[in-house]
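Visitor: Here is what each chain is made of, one letter per residue.
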Amino acid sequence: GENVEQHPSTLSVQEGDSAVIKCTYSDSASNYFPWYKQELGKGPQLIIDIRSNVGEKKDQRIAVTLNKTAKHFSLHITETQPEDSAVYFCAARETDSWGKFQFGAGTQVVVTP
Amino acid sequence: DTEVTQTPKHLVMGMTNKKSLKCEQHMGHRAMYWYKQKAKKPPELMFVYSYEKLSINESVPSRFSPECPNSSLLNLHLHALQPEDSALYLCASSHQGTIYFGEGSWLTVV
Chain A
61 GENVEQHPST
71 LSVQEGDSAV
81 IKCTYSDSAS
91 NYFPWYKQEL
101 GKGPQLIIDI
111 RSNVGEKKDQ
121 RIAVTLNKTA
131 KHFSLHITET
141 QPEDSAVYFC
151 AARETDSWGK
161 FQFGAGTQVV
171 VTP
Chain B
27 DTEVTQTPKH
37 LVMGMTNKKS
47 LKCEQHMGHR
57 AMYWYKQKAK
67 KPPELMFVYS
77 YEKLSINESV
87 PSRFSPECPN
97 SSLLNLHLHA
107 LQPEDSALYL
117 CASSHQGTIY
127 FGEGSWLTVV
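Quick note, the sequences are listed as chains A and B, same order.
For the first sequence, my numbering gives the first residue as 61, with consecutive numbering after it.
For the second sequence, my numbering gives the first residue as 27, with consecutive numbering after it.
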């Protein structure tokens, strides 16, 4: 089955700096890679996703890159703000696997003013 | 609108109680899910309903019983739970493979 590794487990950044979180996956059949942001006491919120036919996707300060050959994908947050502080989860899913996502262990991001 | 609504937000129940968690979505999504999340861990899949039929049960103990009355509603019936079942229970629905989570129900078993 799929295995997703996520690094780092914690990330502390100064406000205004960039943050990068990296995930690697094991199953080459995986073709959809979402990122979720989970604030304290709330459910995970989808912030960006990428499919295997695309190498990069950007939405304002957030971008995701995918390297299918190396089987890794990364989340980039630029110009970080205190409200970016949260736990971020990456995930990978195979085609037609109906919600059998494999999540990474999560990254606690702390943005200090 | 990608809203999945869960009730109640908080639930405290004894080990002999019977309670239910409820989930609702009106986005026309035909797949709905229950996940369990422990503190500082990623969500763990419990059940998947596809077109109102149970398609995946991740070997969940029978004290958790899911029900999908219609395409908009998903319930999780709880009976004879253990303290280790205390967790955040997340409902989700999906469209074209993208999963949207609700805010969750915090369950404490005493």
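Source of the hints: derived by calculation from the structure; they are not laboratory data.
Since we're looking at a predicted model, the values are computed, not measured.
You may find that some hints are simply not true.
[As the list claims (entries may be wrong)] Cut-off 20 Å, straight-line C-alpha distance, at most; resulting in silico cross-link-like pairs (EDC-like, lysine to aspartate or glutamate):
#1 A/Lys160 - B/Glu110
#2 B/Lys66 - A/Glu116
#3 A/Lys97 - B/Glu93
#4 B/Lys35 - A/Glu99
#5 B/Lys67 - A/Glu62
#6 B/Lys67 - A/Glu116
#7 B/Lys67 - A/Glu99
#8 A/Lys82 - A/Glu116
#9 A/Lys102 - B/Glu29
#10 A/Lys102 - B/Glu70
#11 A/Lys97 - B/Glu129
Visitor: Now tell me, hint by hint, if it's right for this structure.
Guide: Do the hints match the structure? See the list:
no., hint, verdict
1, A/Lys160 - B/Glu110, "violated, 23 Å"
2, B/Lys66 - A/Glu116, "violated, 29 Å"
3, A/Lys97 - B/Glu93, "violated, 28 Å"
4, B/Lys35 - A/Glu99, "holds, 15 Å"
5, B/Lys67 - A/Glu62, "holds, 17 Å"
6, B/Lys67 - A/Glu116, "violated, 27 Å"
7, B/Lys67 - A/Glu99, "holds, 13 Å"
8, A/Lys82 - A/Glu116, "holds, 14 Å"
9, A/Lys102 - B/Glu29, "holds, 13 Å"
10, A/Lys102 - B/Glu70, "holds, 16 Å"
11, A/Lys97 - B/Glu129, "holds, 12 Å"
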